[in-house]
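If you read the sequences in order, they're chains P and W. Note that our numbering gives residue 288 to position 288 of the first sequence, counting from 1, and the numbers run on in steps of one. Note that our numbering gives residue 249 to position 249 of the second sequence, counting from 1, and the numbers run on in steps of one.
There could be a bad hint or two in this list.
Note that the list lumps identical chains together, so a pair holds whenever it fits in one copy or between two copies.
As the list claims (entries may be wrong) - DSBU-like mimics (lysine-lysine), calculated; alpha carbons at most 35 Å apart, straight line:
#1 Lys172 to Lys78
#2 Lys78 to Lys293
#3 Lys175 to Lys244
#4 Lys242 to Lys208
#5 Lys208 to Lys244
#6 Lys235 to Lys293
#7 Lys242 to Lys175
#8 Lys208 to Lys78
#9 Lys235 to Lys78
#10 Lys293 to Lys175
#11 Lys293 to Lys263
#12 Lys208 to Lys235
#13 Lys237 to Lys208
#14 Lys172 to Lys208
#15 Lys78 to Lys242
#16 Lys175 to Lys208
#17 Lys244 to Lys78
Since the hints were made in silico from the structure, they are not lab data. Just so you know, these numbers come straight off a predicted model, no measurement behind them.
Number of protein chains: 2
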Amino acid sequence: MTVSPFPDALRTEFISVLYETQRSFTEALESYESTQTFVTTPWEREEDGHDYGGGGVSMLLRNGAVFEQAGVNVSVVKGTLPEPLSRRLLDNNEFRGRALFTACGVSLVIHPRSPKIPTTHANFRLLTVENRWWFGGGADLTPYEVNEEDFSHFHAVLRRTCDIHDTNAYLKYKKWCDEYFYLPHRGETRGIGGIFFDYLGRGEDIEKAPDYYRFVESHCYALPSLYLPIVDRNKDKTFTDKEKAFQLLRRGRYVEFNLLYDKGTQFGLATGGRTESILMSLPPLVTWDPHEKEYYSPNEAALLEILRTPRSWSASSSFA
Amino acid sequence: MTVSPFPDALRTEFISVLYETQRSFTEALESYESTQTFVTTPWEREEDGHDYGGGGVSMLLRNGAVFEQAGVNVSVVKGTLPEPLSRRLLDNNEFRGRALFTACGVSLVIHPRSPKIPTTHANFRLLTVENRWWFGGGADLTPYEVNEEDFSHFHAVLRRTCDIHDTNAYLKYKKWCDEYFYLPHRGETRGIGGIFFDYLGRGEDIEKAPDYYRFVESHCYALPSLYLPIVDRNKDKTFTDKEKAFQLLRRGRYVEFNLLYDKGTQFGLATGGRTESILMSLPPLVTWDPHEKEYYSPNEAALLEILRTPRSWSASSSFA
Chain P
1 MTVSPFPDAL RTEFISVLYE TQRSFTEALE SYESTQTFVT TPWEREEDGH
51 DYGGGGVSML LRNGAVFEQA GVNVSVVKGT LPEPLSRRLL DNNEFRGRAL
101 FTACGVSLVI HPRSPKIPTT HANFRLLTVE NRWWFGGGAD LTPYEVNEED
151 FSHFHAVLRR TCDIHDTNAY LKYKKWCDEY FYLPHRGETR GIGGIFFDYL
201 GRGEDIEKAP DYYRFVESHC YALPSLYLPI VDRNKDKTFT DKEKAFQLLR
251 RGRYVEFNLL YDKGTQFGLA TGGRTESILM SLPPLVTWDP HEKEYYSPNE
301 AALLEILRTP RSWSASSSFA
Chain W
1 MTVSPFPDAL RTEFISVLYE TQRSFTEALE SYESTQTFVT TPWEREEDGH
51 DYGGGGVSML LRNGAVFEQA GVNVSVVKGT LPEPLSRRLL DNNEFRGRAL
101 FTACGVSLVI HPRSPKIPTT HANFRLLTVE NRWWFGGGAD LTPYEVNEED
151 FSHFHAVLRR TCDIHDTNAY LKYKKWCDEY FYLPHRGETR GIGGIFFDYL
201 GRGEDIEKAP DYYRFVESHC YALPSLYLPI VDRNKDKTFT DKEKAFQLLR
251 RGRYVEFNLL YDKGTQFGLA TGGRTESILM SLPPLVTWDP HEKEYYSPNE
301 AALLEILRTP RSWSASSSFA
């Protein structure tokens, strides 16, 4: 086995996929809006050292008719990591000093205005630490009511995209997603899941890098077909104040997960990323009510039941 | 020096102070409200083992005219701690197994409706782990505009209460408070501080326990004079939508601190406390806006400046 640095050419190609994903997905989202557009904010990361730093491009749409907040960020950074993080990522307690790292990825969080449209999150990234490298990412759905057609669609697209490359991948990464997006203090998953994977290719032969690259690339390109049909099906439905109130409460769980448990948030804040870009995942308007359980409707209680006991949403990849 | 367990009689006395603080402070807050009252929720903590468990009494007032949310909780729990937490609290890496602990404390977070009235938080507690014991706690203020009279009043009461027992305490604990309630990713303190202390009496002779007990007791009894004059001075002021919007943004920082950094929240969630009681610190309505900085008024910008560079608010304890 050859342990070699990740090839520059493939990393460059991946970065172009990230920016292309950002461009095409924001363009698609913008087409739903008549007055609001994405605001683009390039940012630079500061770190002393020859060619350390990097930065990214954050794109944010606020107060849309369909999307209350949509953020799609690309970051491409390079530098050194704190020693404890270096040890953990290299899985080597003997490591001394700050490990050299690069990270590039696209990250998106879409908070629709209507509780009839689920929130979605996706993130695809390549991390290199010294001579090690791996891909990570995933996509997941956070609904505010039970809609089995939506849930099955989302999982079927993910399954199909996985199956092109590896027919064992979907079930493995679906399970990982349910386990990762879990709030132990609530006994609930954040949503109805999707896929989550990390350390993809870590320690493997460099010859395999293109396979993993293509797996992740396919998921980037599948994003519009993954989410936009769900938006289309639900965007013109009316909703009640009570349904909106439930959405705001559930957004509280979103905040709890992202600040208490999400490794991406912690990694971003620990490595000097742009705070406003990292925290664009936080919803624009949120409520907490310690007495919320007294007010659940039957559909809301049914959703909670699903979040307490993750289900299978795609028995096979054959779907209409 | 005698390392002895904390005396049961003094612990019992402290617990009665906690409940008395809860009773009197909620009564005082309720007197501002005409329609809303505190809802009292007793809860029990589950842990297998002879007399393990305990619980608490949570009191919550929501949707008041003056207080949008006010929570005052007492908890009195007993049981065992996970090994890593046991080691950390005993400051002993050799410790094996789960340490026996007891914790009792009062915790309050008051989120007023008007941005003219600052949010306040206070917490006073006694922790015992095996044969070690210590007090911890503090009180701090989170304003939404610059009001030097309020800030000086708050710090002067804390200073006076400290000075009765130890004229070195205030400055030490004021500094600790500024350092503790700090959001590194924002470069801001959560508010204009107050006092924060921990490990009070740890490793000291049991003869000193009553001194520390009286220090904490004095702060419990000072709570009404600490906060209510600030409510009185500001509650009838009118405020604009823009000022309210800024308050909701600042509440986002409150959530960020409590979920990302607060040790009390993490300790509570890790030791099986009641989630709704621990998270009653989270405000009822919160906003995030990655572009918020573009909309600050001069007063808001001045407040931010204070949060970036903590100031002295009480030069001495002599005040009107």
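List of violated hint numbers, smallest to largest: As far as the earlier hints go, 4, 5, 9, 12, 13, 15, 17 are violated by this structure, in ascending order.
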